[in-house]
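Participant: Both chains come to you apart, so use the hints to assemble them.
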Amino acid sequence: MTPEEIITSGNLELYVCGVLPPEEVAEVEEAIAAHPEVKRETELIEQSLLHLAESVAPPVQAMTWTYILNSIRNIKDKGDNKIRTLNWPAITGWAAAILFMGGIMWMLKQTNDLNNKLQVTTTENTVLKEEKSTVENQLAENNKTLEILRSKEYQAYTLPGNQAVAPEAFAKVYLNKKENVAYIDIKGLPTPPRGKVYQVWSLKMEPLTPTSVGLIDSQNKVGDGIYKFVNFPAPEAFGITLEPEGGSETPTLTQLYTLGMITI
Amino acid sequence: MEQPNDLIVAMQNGDEKAFSRLYTMYSEAIYGIIYSIILDENTAEELLQDVFIKVWNNASSYSIKKGRFFTWLLNIARNTAIDETRSKSFKNSRKNLSTTNFVDILSSSDSLNRATNAIGLKKFVNALKPACIKIIDLLYFKGFTQAEASKKLEIPLGTIKTRNRTCINELRVIVLG
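Chains G and X are the protein sequences, given in the same order.
Take the first sequence: its letter number 2 is residue -17 in this note's numbering, and every next letter is one higher.
Take the second sequence: its letter number 38 is residue 49 in this note's numbering, and every next letter is one higher.
Under the rule of at most 27 Å between Cα atoms (straight-line distance), these lysine-lysine pairs were calculated in the DSSO-like manner:
(1) G:LYS168 x G:LYS185
(2) G:LYS159 x G:LYS209
(3) X:LYS77 x G:LYS20
(4) G:LYS20 x X:LYS76
(5) G:LYS133 x G:LYS209
Simulated from the structure, these hints should not be mistaken for lab results.
Chain X on its own, in the form it takes in the complex (with noise of 0.2 Å):
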């Protein structure tokens, strides 16, 4: 999928239709990033709601020629998200979920957007191997350095950028065909 670079331009000159299409493109995927990490539907909207607020008064702070736009908004909702997990809080209300991944969300739930294409992918997502499931996690949905995954994992630094590659790899084949 090409980047929308127009409607990226348009919506840093301030155009609400831009945004709004670009909301429409993104923000499940973002919604998904946040939810993941929080846990708790009406928590996740409102930072949803957050996330994109920030998008737009920060727009400005994009550049096409400077990475991705989905990885921009990746980072932003990353942030935005951990930063709530680490207030008092969000502390006080939940305990311990940081063990769940994404994987534990598409088999517990069955509220998932996109509902048929879910159950779908959720066959497909259970195909993949634990140790896939694990390094997506860290490295996509939570945003960890390879340092970082490597330690969490307990597997060697170099293993890290390799055994990633394969299980995106894995993923595609199972999301795209």
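The following block holds chain G by itself, in its conformation from the complex (with noise of 0.2 Å):
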């Protein structure tokens, strides 16, 4: 169709009015963009009904754009929320809230945990400075004991074991002539069975007369397995025999573990 034609055709009106049958839309699209004549046809057509339509609508409240606007923003404003759905600020906050308590509750067990551990050590250290001051007395004692046994005043002597009860048995004498000290070492006789002690004897040879010098005990005890004793008459020979708890006034010789003399 040419242009003229279009314009007489009618289907200009109808395709503004939007009813064209669709296989003749394509059709009067060309000849608008091609001529002119055709648009501008066109545009006083719509024009003419669009003035029309104007004329028989109520009035437009003002409210109704800003109905629209606020609509087209809500949804908007409803995309943007979807995303903030997880609103990220408040759970970190919380997470962080979160974290700073179980870091305080933390550190608090740790605090009790080391406040307990001091005292234990505390403690410990104590026992242990008892322990070292017990042991540094004995060695200081051992020390003293040593210092004298090694003096000149003190000559020393084995007591060897009794063929008959004890002939492995040994006790060594470390003896001050002068002033009648004796150190008794009695780490070569065995250990006494329950309800026994043995006890120390002077003797006098010519005629046999046994003193009692001690007890080997805790009373005279000095330091580990060293025994002292004093207060005895001069004696020419020592002996150690095996007596009923307390002592006896005279010796069991029955019972007699070492025997030795004492040679000038």
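Facilitator: Right under this line is the structure:
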């Protein structure tokens, strides 16, 4: 169709009304694009119809546009909200608070544990100090004893075991004859059975006169297995017998463990 | 009137100001179309909002190369309004108004838009032949196809197109001088 034919066909009117059959639309659009007079005709038809429609419209409320604007913005906002449904700032805040609380609890527990450990360590330290003090005292005592036994005033004698009773036994005596002080080392004697105690005797030979020097017990102990005795008659020999607890008036010769002469 | 293609493209790119200007240009006519179908101001107002929200949300589906923007709006408006007339609530509230046309609205209402123009226009529209009123009402306001209009008006299919052209030419003379 020529532009003139299209204009007079009535197709432009149907096109603007939106009721032109689809298969004829392309031809009209080509003509509008190609011929300014067809385009102009289309615009005039549209303008007439637009005015006609406007003339039958009641007054449009001013609020209508506001509603439309709010609606399209709400849709936008809803879209935004969807992205923010997780609300990261709040989650981060809560996570931080929980971590912080957890951290505080952990530190409190650590402090508590450390305090307990400190207490245990302090107690251990006290015990160790006491032990150390004891050991030091013992060492000092032993050194003192050793010092005495090494001095020239003391002579050392070995009391051999009685062949009949305890052939393996022996005892050592360190004797200060001037002052009648004796240290006896009983390391070579077997441990006495329960209820029995070793007793030391000072012996005069002619006639045989035994005098009790003392018991091998804690009262006379001065070191590990070393016992100190004073105030006894000058001996010619020392004997050690096993006696009932508390000791005896006279030695039980059947239980004589060691016997040794004190030679000058 | 040339189509404001710059504004249409700007709206398609999310420009609210462009959308606002397009609303100003077309909302009255669209409202007139909706109202001529619905014949209830409150419902027509709501549908006018719906139509322009649809326009904004579906702006990208319109192409300047394909069809007039006004025709695109017209189709959305008519479809929205006709859908409403098919809804249960609408059927319950209104009955048998389908025979009312735009001339009835013009002659019966005193509170029309552009009051002074409308009064002047009313005279001219009254001057339109009854046959023209019917055919413009069906093809333009109601969106009938030629075949549907032919059946409704009981005139031959071949006559519809030419009669429509003649009637719109008469309207042009009245409206545009």
